[in-house]
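Student: Going down the list, the sequences are from chains A and B. Quick note: the first sequence uses our numbering, first residue 82, plus one each step. Quick note: the second sequence uses our numbering, first residue 82, plus one each step.
Hints are computed from structural coordinates only; laboratory data are not their basis. One or more hints might be untrue.
Identical chains blur together in the list; that is why a pair holds if it fits in one copy or across any two.
The calculated DSSO-like cross-link candidates involving lysine-lysine, where the alpha carbons are at most 27 Å apart (straight line), are [as the list claims (entries may be wrong)]:
{"#": "1", "residue 1": "Lys329", "residue 2": "Lys94"}
{"#": "2", "residue 1": "Lys236", "residue 2": "Lys340"}
{"#": "3", "residue 1": "Lys156", "residue 2": "Lys256"}
{"#": "4", "residue 1": "Lys329", "residue 2": "Lys199"}
{"#": "5", "residue 1": "Lys270", "residue 2": "Lys256"}
{"#": "6", "residue 1": "Lys204", "residue 2": "Lys94"}
There are 2 protein chains.
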Amino acid sequence: MNLQTSAETLNLKAERPIGIFDSGIGGLTVVRKIRERLPNERLIYFGDTARVPYGTKSQVTVRRYAAEDTRLLLKYQPKMIVVACNTVSALALDVVEHESGGLPVLGVLKAGANLAVKYSQTKHIGVIGTIATISSNAYPLEISKLDCEAEVYSKACPLFVPLAEEGFISHQATKLIATEYLTELLVKKIDSLVLGCTHYPILKSMLAEVTGKNVVIIDSAEAVAMEVENLLREKSLLNREINQALPKVLVSDLPQKFKTMFELFLGLSLPDVELVEM
Amino acid sequence: MNLQTSAETLNLKAERPIGIFDSGIGGLTVVRKIRERLPNERLIYFGDTARVPYGTKSQVTVRRYAAEDTRLLLKYQPKMIVVACNTVSALALDVVEHESGGLPVLGVLKAGANLAVKYSQTKHIGVIGTIATISSNAYPLEISKLDCEAEVYSKACPLFVPLAEEGFISHQATKLIATEYLTELLVKKIDSLVLGCTHYPILKSMLAEVTGKNVVIIDSAEAVAMEVENLLREKSLLNREINQALPKVLVSDLPQKFKTMFELFLGLSLPDVELVEM
Chain A
82 MNLQTSAETL NLKAERPIGI FDSGIGGLTV VRKIRERLPN ERLIYFGDTA
132 RVPYGTKSQV TVRRYAAEDT RLLLKYQPKM IVVACNTVSA LALDVVEHES
182 GGLPVLGVLK AGANLAVKYS QTKHIGVIGT IATISSNAYP LEISKLDCEA
232 EVYSKACPLF VPLAEEGFIS HQATKLIATE YLTELLVKKI DSLVLGCTHY
282 PILKSMLAEV TGKNVVIIDS AEAVAMEVEN LLREKSLLNR EINQALPKVL
332 VSDLPQKFKT MFELFLGLSL PDVELVEM
Chain B
82 MNLQTSAETL NLKAERPIGI FDSGIGGLTV VRKIRERLPN ERLIYFGDTA
132 RVPYGTKSQV TVRRYAAEDT RLLLKYQPKM IVVACNTVSA LALDVVEHES
182 GGLPVLGVLK AGANLAVKYS QTKHIGVIGT IATISSNAYP LEISKLDCEA
232 EVYSKACPLF VPLAEEGFIS HQATKLIATE YLTELLVKKI DSLVLGCTHY
282 PILKSMLAEV TGKNVVIIDS AEAVAMEVEN LLREKSLLNR EINQALPKVL
332 VSDLPQKFKT MFELFLGLSL PDVELVEM
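Isolated chain A (complex conformation) (with noise of 0.2 Å):
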């Protein structure tokens, strides 16, 4: 599909939104990279707080949450959706794009594989993430459809997200459990560790530690924070009026702890965050 002619077609306003759904508070992530690259934007978020985690989840599943997710969104006339979640960038994509009929769509994980072919030099490359998208082999794929001579290492590291939930950063467990899941990543000599999922980079300095220098660290949140950049500045979909709005931030449950969780992750206060079941 040619996305400017969809583009028109849609009659996309620059001042429209740009729609951000996650299965949680991992996307806010992704909510901090946009906005310190696009502080103009108005943003809105969607975390599907009751149903989260969706990287234990079967295929089937996780595409009916997908759609249901993007119909939400679509309520609020953004001018492009975001795919914060590195499950259903796995797994799909393509219903979003489906659903959201024209629409630009922009998800986790290409995002993160073209950095990732960018940055290494040896081609051997390491993927963490949750079960769900490491089993699926999205970033093996892709990142083989760019460069076919990348070599892809992954492994699924279910622990990191209730660890970094539990605010258990940089203890001496949660070391354990990374040089546990990353030795085997390591001997073979990989050059760059893409984080394929967006809570990954809250535990960034001590996975940094465990992987040493030689490793750089991509971080698929600033990945699609740059794409998303650069997409709307091809279809001059900037937005060039001053911003002062906060993201609008829509949750299936527990608004209160995703308030304070917004807080730590944005460092900014957040006055409503609003209620939808799902």
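Position chain B relative to chain A; hints supplied.
Tutor: Using the frame of chain A, we list chain B on its own:
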């Protein structure tokens, strides 16, 4: 409500199954304990694997799920309902009782509280569980109804479920995390520790190493199985016919994963797991 009367009114039959539900796989520890005590009973188990975990969700959401789970089990005409989920036992046992219209209902929480009061000599009782169970304050309330002099010390241990599911049963990291969680209970000189989450029995021997010999570990799965036996005997509802059937198992997602877990938890192979949409 007089259960004897309602059992007659409802025309309950001994050969009907016992309905058991949990948010996911943890309740299999309850299935195992009931089977050990009551091998003749037909069991029907529902694990809400699409919406697991409940322990991090709000009371409103947990109550809605509890009602839906109960209505699902009622389709199989059980003679009683066992709530194998501590979070539902803490936040929504009345919902289950209401939905099941007079059927006997037992939850793991009251059973665990009863057993703790029975075993504790010093009346200093520790309770560990999910964030939702511990924040609900349901264990201290239940224990104080049974013994107003008991002192209850509670601690949420949200990392134990993912550690158990990841198979980090006797890993050094798990022991470090357990030590961190339990120290504040141990300094209160508890002499009994209630495992207020059905996953925790999997970590029991590691927890016993951390607590030392002077603390009795109370397994609420064992406790509720004892109460099921007592209740059925009292109501003359014990099944006297030899039953060789395996439990019937329903799940809302990932039937294959559940089958593997079932084999791991119960040492039995399970021919069929039925998928239901919730």
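Student: If the cut is 27 Å between Cα atoms, do Lys329 and Lys199 qualify within a copy, between copies, both or neither?
Tutor: Answer is neither; intra-copy 33 Å and inter-copy 52 Å both fail.
Student: At most 27 Å between alpha carbons: which applies to Lys270 and Lys256, within, between, both or neither?
Tutor: within (20 Å within a copy, 31 Å between copies)
Student: At most 27 Å between C-alpha atoms: does Lys156 with Lys256 qualify within a copy, between copies, both, or neither?
Tutor: neither (43 Å within a copy, 48 Å between copies)
Student: One pair to classify: Lys236 and Lys340, alpha carbons no more than 27 Å apart. Within, between, both, or neither?
Tutor: So Lys236 and Lys340 pass the 27 Å test across copies only (23 Å; inside, 31 Å).
Student: Between Lys204 and Lys94, at a C-alpha cutoff of 27 Å, which is it: within one copy, between copies, both, or neither?
Tutor: Answer is neither: 40 Å inside a copy and 67 Å across each miss the 27 Å cutoff.
Student: Could you place Lys329 and Lys94 in one of the four classes (within, between, both, neither) given a Cα distance threshold of 27 Å?
Tutor: So Lys329 and Lys94 pass the 27 Å test inside one copy only (18 Å; across, 55 Å).
The structure fails to meet hints 3, 4 and 6 from the earlier list, while all remaining hints are met.
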